[in-house]
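Asks: Sequence:
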Amino acid sequence: MTDDLASFDFDLPRTLIATEPARPRDRARLLHVTPQLDAAPHLDTHRVHHLPDLLREGDLLVANNTEVIRAKLEAQRGEAKIGITLDRILPEGQWHALARNARRLKTGDLLHFGDDPVTATILTNEGDGAVTLHFSVEGDAFDTFLERKGALALPPYIARPQGPTEADTSDYRTIFSRYRGAVAAPTAGLHFTDDLLDALARRGIQQRTLTLHVGAGTFLPVRSSITEHKMHAEWGHIDDDTVRAINDTKARGGRIVAVGTTTLRLLESATSDDGQLRPWSGETSIFIKPGYRFRLVDALMTNFHLPRSTLFMLVCAFSGTTTMQAAYQRAIADGMRFYSYGDACLLERLP
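Position one of the sequence shown corresponds to residue 72 (my numbering), numbered consecutively onward.
Since the hints were derived computationally from the structure, they do not count as laboratory data.
Even for Gly, the Cβ is constructed at its ideal location relative to N, Cα and C.
Each hint should be verified, as a subset may be incorrect.
Derived DEER-like restraints, expressed as beta-carbon distance ranges [claimed, not checked]:
1) 218 - 353: 25 to 35 Å
2) 113 - 205: 44 to 54 Å
3) 298 - 85: 24 to 34 Å
4) 405 - 128: 21 to 31 Å
5) 295 - 116: 29 to 39 Å
Derived DSBU-like pairs: lysine-lysine, alpha-carbon spacing no greater than 35 Å straight-line [to be verified]:
6) 301 - 321
7) 220 - 321
8) 143 - 360
9) 152 - 220
10) 177 - 143
11) 220 - 177
12) 177 - 301
13) 152 - 177
14) 220 - 143
15) 360 - 321
16) 152 - 360
17) 301 - 360
18) 143 - 301
Could you put together the complete structure from these sequences and hints?
Replies: As structure tokens, then:
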């Protein structure tokens with residue numbers, strides 16, 4: 072495994088950064104990437120609604136059913152304005168968050184949110200912009216507070232000078248959304264529609280879901296050293312039914328197709344060295360990069376990622392760095408759309 076970030080770099084024209092999704096969602100383009108040993112990869116362009124034809128009867132599609140919360144808050148401590156982005160809920164009901172102007176905060180500080188009765192207390196300040204918060208409400212009352220005062224934490228590359236639009240509220244939500252807790256959407260899931268799910272079922276492709284609450288750390292770049300990069304923890308859950316379906320599929324020779332890097336990361340976290348998936352409920356901070364030995368996932372549907380990002384490193388681990396550089400150059404040459412609202416690729420695993 073190289074520590075050279077340049078291996079994971081590429082030049083992307085800003086005009087290819089998508090600022091809204093394809094409509095209908097399943098009309099986005101889909102680059103099918105099949106690595107070859109000692110040969111150039113096979114690169115074939117389709118539309119997402121062609122996915123059933125690219126998979127096999129007996130495959131099992133696994134998607135992330137997390138739902139995005141309104142994680143961005145504007146707080147005040149006295150006269151100081153503090154920007155807060157919730158990251159993940161902690162076991163005791165507290166929140167890990169990223170704070171703008173965090174150097175001004177100290178343990179015990181009370182944050183207000185305009186004239187709202189809800190307040191938050193600073194429990195810890197980790198010194199790197201990360202803080203732990205205790206809110207004065209929880210449960211349904213906290214959800215209602217976020218609906219009142221929160222905003223979607225859209226990725227920084229989606230330009231919204233006036234903030235997220237009403238369209239973003241639905242556009243940034245996947246058809247699989249069920250359990251609230253993510254800061255960022257599992258964007259591969261944004262491409263799916265009821266019609267596509269029905270077509271997959273008719274093709275004999277099973278579907279299951281798991282939960283991984285995507286945190287704010289998903290936007291953080293690798294700044295200098297790959298080996299020293301620290302992944303933020305994210306909470307996930309895989310239930311018994313999903314575990315049985317996946318293990319049964321593998322036992323009869325079917326393939327596991329992960330919808331998104333979040334799904335893949337949790338599946339690999341919960342799989343033992345013998346290839347058996349186990350039920351999971353807890354945090355993972357797995358960092359998948361070239362050299363990682365995949366234990367479970369056979370194919371991956373994912374969007375096009377940022378250069379020098381942990382997500383691009385993950386797809387390089389899955390299909391090969393040379394293959395993915397070739398695939399991304401093909402996507403750029405063909406004018407495919409990148410990032411959260413962009414097009415997708417279906418990756419076969421490196422043989």
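Asks: Would you check the hint for residue 143 and residue 301, treating anything up to 35 Å between C-alpha atoms as holding?
Replies: holds (23 Å)
Asks: Is the Cα-Cα distance between residue 177 and residue 143 35 Å or less?
Replies: Given pair residue 177, residue 143 holds - Cα atoms ~20 Å apart, limit 35 Å.
Asks: Checking one constraint from the list: CA of residue 360 to CA of residue 321, max 35 Å. Satisfied?
Replies: holds (24 Å)
Asks: So does residue 295 sit 29 to 39 Å from residue 116, Cβ to Cβ?
Replies: Because 35 Å falls inside the window, the suggested range holds.
Asks: Would the pair residue 143 and residue 360 pass a check requiring their Cα atoms to be no farther apart than 35 Å?
Replies: Roughly 30 Å separates the two Cα atoms, so the pair holds.
Asks: Verify the proposed pairing of residue 301 with residue 360, using a straight-line Cα cut of 35 Å.
Replies: Roughly 13 Å separates the two Cα atoms, so the pair holds.
Asks: Holds or violated: residue 152 with residue 360, Cα cutoff 35 Å?
Replies: Violated. Residue 152 to residue 360 sits at ~38 Å, over the 35 Å cutoff.
Asks: Is the distance from the Cβ of residue 405 to the Cβ of residue 128 consistent with 21 to 31 Å?
Replies: Holds - the Cβ-Cβ distance for residue 405 and residue 128, about 30 Å, lies within 21 to 31 Å.
Asks: Given the hinted pair residue 301 and residue 321, is their alpha-carbon gap at most 35 Å?
Replies: Since the Cα atoms of residue 301 and residue 321 sit roughly 32 Å apart, the hinted pair holds (cutoff 35 Å).
Asks: Could you see if the CB distance from residue 218 to residue 353 stays within 25 to 35 Å?
Replies: Because 28 Å falls inside the window, the suggested range holds.
Asks: Tell me if the straight-line CA distance from residue 152 to residue 220 falls inside 35 Å.
Replies: holds (15 Å)
Asks: Hint check: residue 220 vs residue 321, CA-CA at most 35 Å. Holds or violated?
Replies: violated (45 Å)
The structure is inconsistent with the numbered hints 7, 16, although it conforms to all the rest.
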